[in-house]
Amino acid sequence: MSIPLNKTIKEIKPSGIRKFFDIVSEMKDAISLGVGEPDFDTPWHIRDEGIYALERGKTFYTSNAGLKELREEICNYQKRHQGIEYNPANEVLVTVGGSEAIDIGLRAMINAGDEVIIPQPAYVSYYPCAVLAGATPVIINLKAENNFRLTPEELINAITEKTKVLILPYPNNPTGAIMEKEDLEKIAKVCIEKDIYVMSDEIYSALTYRGEHFSIASIEGMKDRTILINGFSKAYAMTGWRLGYACGPSEIIKQMTKIHQFAIMCAPTTSQYAAVEALKNGDNDVRMMRGAYNQRRRFLMNAFKEMNLECFEPYGAFYVFPCIKEFGMTSEEFATRFLKEERVAAVPGSAFGESGEGYLRISYAYSIENLKIAMERLKNFIERLRNNG
1 MSIPLNKTIK EIKPSGIRKF FDIVSEMKDA ISLGVGEPDF DTPWHIRDEG
51 IYALERGKTF YTSNAGLKEL REEICNYQKR HQGIEYNPAN EVLVTVGGSE
101 AIDIGLRAMI NAGDEVIIPQ PAYVSYYPCA VLAGATPVII NLKAENNFRL
151 TPEELINAIT EKTKVLILPY PNNPTGAIME KEDLEKIAKV CIEKDIYVMS
201 DEIYSALTYR GEHFSIASIE GMKDRTILIN GFSKAYAMTG WRLGYACGPS
251 EIIKQMTKIH QFAIMCAPTT SQYAAVEALK NGDNDVRMMR GAYNQRRRFL
301 MNAFKEMNLE CFEPYGAFYV FPCIKEFGMT SEEFATRFLK EERVAAVPGS
351 AFGESGEGYL RISYAYSIEN LKIAMERLKN FIERLRNNG
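For the sequence shown, the working numbering gives the first residue as 1, with consecutive numbering after it.
Hints listed in this document are in silico derivations from the structure and should not be mistaken for laboratory results. A few of these clues could be false.
Quick list of in silico lysine to any residue cross-link-like pairs, SDA-like style, CA-CA up to 20 Å [what the hints assert, rightly or not]:
id, residue 1, residue 2
1, Lys68, Trp44
2, Lys325, Glu357
3, Lys280, Pro88
4, Lys58, Asp48
5, Lys372, Asn281
6, Lys79, Gly211
7, Lys305, Arg384
8, Lys68, Arg298
9, Lys305, Lys280
10, Lys68, Glu341
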């Protein structure tokens, strides 16, 4: 009997991130620096609100778009932090994590054969989601000498008459790169002139270490051509609550809601009540966690400097992306040997696209104690590699 499988699905490769996480989970005394998950617990006042919702029996479906109060608080948050005014009635959709918003956002906008521009290195979901939506992904290989920022020249060179959407992944996973106001203004000018839409993934927007995050949607002329994606996993340490959202033009949000309605119905109700509390009273929690991440970021950059390991300075998210090209092996080979010989898991840069080859993603969403042990092991590992030629 033949097994009925979709050819497109079969050709999509599994995530390169999970492979090393699965291996390290079975290794004794191993340290994982591979998964982008905060080591903080969800703050108690947010958990309490989720518990209280359960105690009150708030376990029913919400509206497809999400709790009205949550959509209102999302609008308040964007107004407070970015100066962008969204209508909670028709310009906001609450999703099951930011990942669902990426998926259904592309499906709502793409017709077969449309091109989606994806700057890489980038989060592993963009490419397969574009393919599943029927798009042709067009990759821009970002450069370390540009601090992995997208330049207008690179964007212009990638645009064709079939270009529909640019995915803008900043602050960036895996590099930690950011785009500042002057950078985004140049990108916005190109998008307006070429009439293309932007999917701005801002899930790490609260974790910026040089100034404040700036959204391309706040630039004149860009709100109506931008789907802004954010969520609660990273800023509020709410990964398991599975909650994100999309803000954008009402007609696009309407179609996204239709897909969400048939595939999901609504995001988890308990999580939505907790998220209202996070947005209302969670700013101090975010500041505390951001301060801790920044301390770890500085520690890692200093450790790399002492090892003479090249790494551009990241100013966003909670990742560093050191260069390992000097050792003459692929990033997969380096990560595999590092795991086997020193019992530390990091993710090969190649998991995030061709331009990630020669780099290693290390997450600092882990305790400073574990980071110190891991850096000592990395120091030992690269000293052996250098001494053995």
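Pairwise hint evaluation, Gly211 against Lys79, where the allowed Cα distance is 20 Å at most: holds, 18 Å
Lys68 paired with Glu341 [C-alpha distance capped at 20 Å]: violated, 52 Å
Pair hint outcome, Lys305 versus Lys280 [Cα-Cα no greater than 20 Å]: Violated. Lys305 to Lys280 sits at ~40 Å, over the 20 Å cutoff.
Restraint check for Lys58 with Asp48, where alpha carbons must lie at most 20 Å apart: Distance of about 14 Å is within 20 Å: holds.
Restraint status (C-alpha distance of Lys305 to Arg384 at most 20 Å): holds, 17 Å
Pair hint outcome, Lys372 versus Asn281 [Cα-Cα no greater than 20 Å]: With Cα atoms ~33 Å apart, Lys372 and Asn281 exceed 20 Å; violated.
Proposed proximity, Glu357 with Lys325 (alpha carbon, max 20 Å): At roughly 8 Å apart (the allowed maximum being 20 Å), Glu357 and Lys325 satisfy the hint.
Pair hint Lys68 and Arg298, alpha-carbon separation not exceeding 20 Å: violated, 40 Å
Distance restraint between Lys68 and Trp44, which requires alpha-carbon spacing of 20 Å or less: Given that 20 Å is the threshold and the Cα spacing comes to 23 Å, the pair is violated.
Given hint Pro88 paired with Lys280 - CA-CA distance at most 20 Å: Given pair Lys280, Pro88 holds - Cα atoms ~16 Å apart, limit 20 Å.
In summary, the numbered hints that this structure violates are 1, 5, 8, 9, 10.
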